[in-house]
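Got chain B sorted already, so can you dock chain D with the ligand onto it with the hints?
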Amino acid sequence: MAPSTDTRPQAREVPEAATDSGPETLTFAKALNAALADEMAADPTVVVFGEDVGPLGGVFRITDGLTARFGADRCFDTPLAESGIMGMAVGMAMNGLRPVVEMQFDAFAYPAFEQVVSHVAKMSNRTRGKVKLPLVIRIPYAGGIGGVEHHCDSSEAYYAHTPGLTVVAPATVADAYTLLRDAVRLNDPVVFLEPKKLYWSKETVDLAALRRAADEALRTGGRISGGIGTAAVARPGTDATLVAYGPSVSTALAAAAAAEAEGRSLEVIDLRSIVPYDDATVDASVRRTGRAVVVAEAPGFASVASEIAARISERCFHSLAAPVLRVTGFDIPYPAPKLEHWFLPGVDRILDAVDELQWDEPDAPGSTAAAGTGTDPR
Amino acid sequence: MTISTGRTPQAAVGAESGSGAVSALLPSDVPVRLIDADGAAHRDSRYPLPAGDLLLEAYARLVAGRRINDQANALVRQGRLAVYPSSHGQEACQVAAAAVLETRDWLFPTYRDSVAVISRGVDPLQVLTLLRGNWHSGYDPYEHRVAPQATPLATQLLHAVGVAHAAKLKGEDTVVLALCGDGATSEGDFHEALNFAAVFHVPVVFFIQNNEYAISVPLKNQSVAPSLAHKAVGYGMPGERVDGNDVAALLSVLGAAVQRAREGGGPALVEAHTYRMQAHTNADDATRYRSAEEVQDWVPRDPLVRTRSYLRGLGLLDDAREEELAQAAEEIAAAMRNGLNTDVDPDPMALFEHVYTARTTQLREQAELLRGELERDAAERDALAPGATGATGATGNSGTAGASR
Ligand SMILES: Cc1ncc(C[n+]2csc(CCOP(=O)(O)OP(=O)(O)O)c2C)c(N)n1
Chain B
1 MAPSTDTRPQ AREVPEAATD SGPETLTFAK ALNAALADEM AADPTVVVFG EDVGPLGGVF
61 RITDGLTARF GADRCFDTPL AESGIMGMAV GMAMNGLRPV VEMQFDAFAY PAFEQVVSHV
121 AKMSNRTRGK VKLPLVIRIP YAGGIGGVEH HCDSSEAYYA HTPGLTVVAP ATVADAYTLL
181 RDAVRLNDPV VFLEPKKLYW SKETVDLAAL RRAADEALRT GGRISGGIGT AAVARPGTDA
241 TLVAYGPSVS TALAAAAAAE AEGRSLEVID LRSIVPYDDA TVDASVRRTG RAVVVAEAPG
301 FASVASEIAA RISERCFHSL AAPVLRVTGF DIPYPAPKLE HWFLPGVDRI LDAVDELQWD
361 EPDAPGSTAA AGTGTDPR
Chain D
1 MTISTGRTPQ AAVGAESGSG AVSALLPSDV PVRLIDADGA AHRDSRYPLP AGDLLLEAYA
61 RLVAGRRIND QANALVRQGR LAVYPSSHGQ EACQVAAAAV LETRDWLFPT YRDSVAVISR
121 GVDPLQVLTL LRGNWHSGYD PYEHRVAPQA TPLATQLLHA VGVAHAAKLK GEDTVVLALC
181 GDGATSEGDF HEALNFAAVF HVPVVFFIQN NEYAISVPLK NQSVAPSLAH KAVGYGMPGE
241 RVDGNDVAAL LSVLGAAVQR AREGGGPALV EAHTYRMQAH TNADDATRYR SAEEVQDWVP
301 RDPLVRTRSY LRGLGLLDDA REEELAQAAE EIAAAMRNGL NTDVDPDPMA LFEHVYTART
361 TQLREQAELL RGELERDAAE RDALAPGATG ATGATGNSGT AGASR
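Chain order of the listed sequences is B and D. Per UniProt numbering, numbering of the first sequence is gapless, rising by one per residue and ending at 378. Per UniProt numbering, numbering of the second sequence is gapless, rising by one per residue and ending at 405.
Looking at chain D on its own, in the form it has when it is part of the complex:
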């Protein structure tokens, strides 16, 4: 590998730059919207409305995304998932985040972005490994270029900057899209990531899903900036605001930011205005901090409804097609149920793997301790098994453990 290109000196927004330089970075006064809640199209001179077939494709993914959220919630109730942070109501953001990227690009998701990760092509069962409690991450990040879903808020934004910086140094054509919530914008790492991205002029698009709440804390207690997108100007990058329930606007605005980054234009910040329709997770009680009326207000703004109305108006969607899409989503849900209803016990001996490339003496000793315990447990189970002669599932289990070195 030869490192070919380097840091591009940037015209900073300094004392000499006129107010024009600043205003070019400022977001629009109202969030960009291309299709309104009634399904009517809006013209915007800067952002073209995506073609009908693209929106139909996006709609299919919205339907699937909603079904995935519903199914995951049901699996939590059935005890099959430990927890699920749902993106119900935010599916347009999820779908658009995956749709604007090429295969060679990278996606950096959070715990709430399972639908975006699945939309990018990762197997739902691998995605749900974390929430099922089998392991911390269930997919190979290099396979689809999706980082592990991050839980420590805003930390992943810096990793995104690093991947983009390395890509730039290596001369790779790679854009990185990094997701975070409105609450995460208060973290120091959010600031550091935006500043680093701007200073090193790397191809990262920061995408905030402003769903109004960070668990219980409303946005007004998080920031009094004119909008979260306005923060971009402080770093010298453009910010934009977009209706987060309008998949057409999201595709257009995010697509433009990704394109700009790809062409060497540097990072950008996009804020989507959306709403978390359900509790933070199933473990949360949202009635303690927001009213039913407030939630009700957002129901008519549902991202699926307006896309459907628009596509029906165009004649691209009819009952038969809807039925097909619902059927396809149902198949994904069925695969989730089937996969999660089968118990696969993680191998306890795997605990010691991948801590260090070469296992330390101490870990070897601790692995031996656990192996001994497992063998003793298996022997006890065998002894208790009625009429067992040794050829039981229990012995099979310890055999598996033993085989994993």
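Pulled out of the complex, with its shape left as it was, chain B reads as follows:
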């Protein structure tokens, strides 16, 4: 007599999307907002809650208008207590709902850490899949906005290190929309890291087309193709691969543009999801280019960047012309606004690392002569 807790993807009634408006200019924040609204419209079990997410619409306005449109039962403010928010989300997910909770800032998610690592991540495994927790933990994340203390942490390693959590970090407006819709639909808990510095960035996207693709997947009970778990080639190149995610993708792209002016063709991989990590896309790129630099804002010691560098070294060793390098934040607490510029991986620091990739050894596997021939057993 299991209650209505069947959380498998099911074909659902989806309201017809509004008339096709074609490409439009959209902010990252608005794309996230649209994704939440569309998932709430499509699925009455989706509920949104957190601190100030109700009538105010969240401190970053990501939940703007949701209470007005869907009612205070579907989008509501909670008392100020992150563990409470997370623990309540666990229970609501146990009882058939799909909670999407907001942690107000990265460093203010820490009070919820015990719930995340001890319950959110483990419930399915502990109960042998009987209790699934289809919930999304949205976290405004990382720096570059001149925020004061405790507003700029890159906390992905804590979550990525915890088996059972899916960890997503979009870098484009289109991905913000598509990955969030995919996250809400996933039957596993997702830590959804939203780079704060991108919230007000704009891109021209065809939201209606993205919406159609997501709705179509919903109708057929499937996942959105190109959703969580697949990395993207953000910029093709031939000489070296920059691997980045979330806030570092735009920096890596800027570095690649600058390198082109200097005559070097850099490929940029946007991981999109840190967990699951898409070895295949990264490895294929590195085996082609023979060189890799991993770019991330978080302190580098024991970091996601370190893990990626290690994986590339293990799996692409025979294709590498140079050691895999990391360009990351320093191993210090996130600095004060006037100093963050020196901390964050910037274009110059990335280009300096690229310069160090042993370009002058003619027989190296990744040298121009040997490029494209590298293959590894794995």
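No incorrect hints appear here.
Think about it this way: if two alpha-carbon atoms lie no more than 20 Å apart in a straight line, the pair counts; the simulated EDC-like pairs of lysine to aspartate or glutamate are:
1. B:K130 / D:E143
2. D:K220 / D:E294
3. B:K130 / D:E353
4. B:K130 / D:D140
5. B:K130 / D:D347
Derived from the structure by calculation, the hints contain no laboratory data.
Frame of chain B; chain D with the ligand shown alone:
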């Protein structure tokens, strides 16, 4: 599913509410007791004494609960269970927690509440899976609506609030009873759970078994509140204290709180005053922090003894009936022994299941690594087996592992 009902605005205990509003939330000065240690009944105008047949049913469960505790302790000594946090002395709380709930309600237990979980109908062998070391939880939480037994203190109280909140939003008639110990009331999650439950006005009954100790730390080092039940008033919900060794009082007080929650009255906090008669677990040495005399003091207050005296006084219990109840408890114990004396080796390949709905590339690779190791081990065992030709148990084992994809 349509979400129908919502948050009910509550008359908060604010500046304008008179002292009457506050005192209505306060627990009674002494714990509610309906049957005393000698088996004599007490009248209480607020809490009726449960009928004799209900108490006889509860007594049967007390006898079974005591036997389950004793048997589990014995199984630890025999190396069949890794550890057992016994509820010896707290059986009245355990039995009452299960008895006041309907099938559609939810129970949120801790590591110490195995007897409550079994009392709700979960197979003892499934319950003991955790303590046996086979897997972290052995039962399907949806089957009997019992959450996995929680070890991180007070965390489960928030899950209980979430289940109740979802039930309310979906318009389900579900009450949630959440258990915790006295020590757990110092945790932040205890506070957050009570506050959330009160603010969202959800049907949760928080039930503290105050057994005087959190491992070695006595209650006076945990809290200097007048009682733990008094904490309720700070959240705007009623608190009540009850004699935790009096199953009649527990059934009546918890039953009233559950009924009130079911009728939309919101959450409540009930504190039972009881005592942990044994060490925290078998791994603990209680003589290091409490005296034998103190423990001895609680022996006459045993929850089984007073219920038995009361029922015998009513003429509902005689030697023959006692014998039947003991026999029924013995059968449960025998099933525990039989089940736990058979070794069932968990399948190592199951390690990779249910981490993610779709196995990641990395987990697929790691599963292959382990499969290779298992096959190599099996081959080595086969080679070593005297005169083995392959049809051995060892090959059978690796076959099982291989079959689990
Ligand atoms: C968050 C957390 N901290 C510490 C522990 C270790 N621990 C397990 S039981 C326990 C004592 C709990 O005492 P109480 O809440 O009174 O319950 P009881 O064991 O007496 O039933 C402690 C400290 C834990 N399980 N969880």
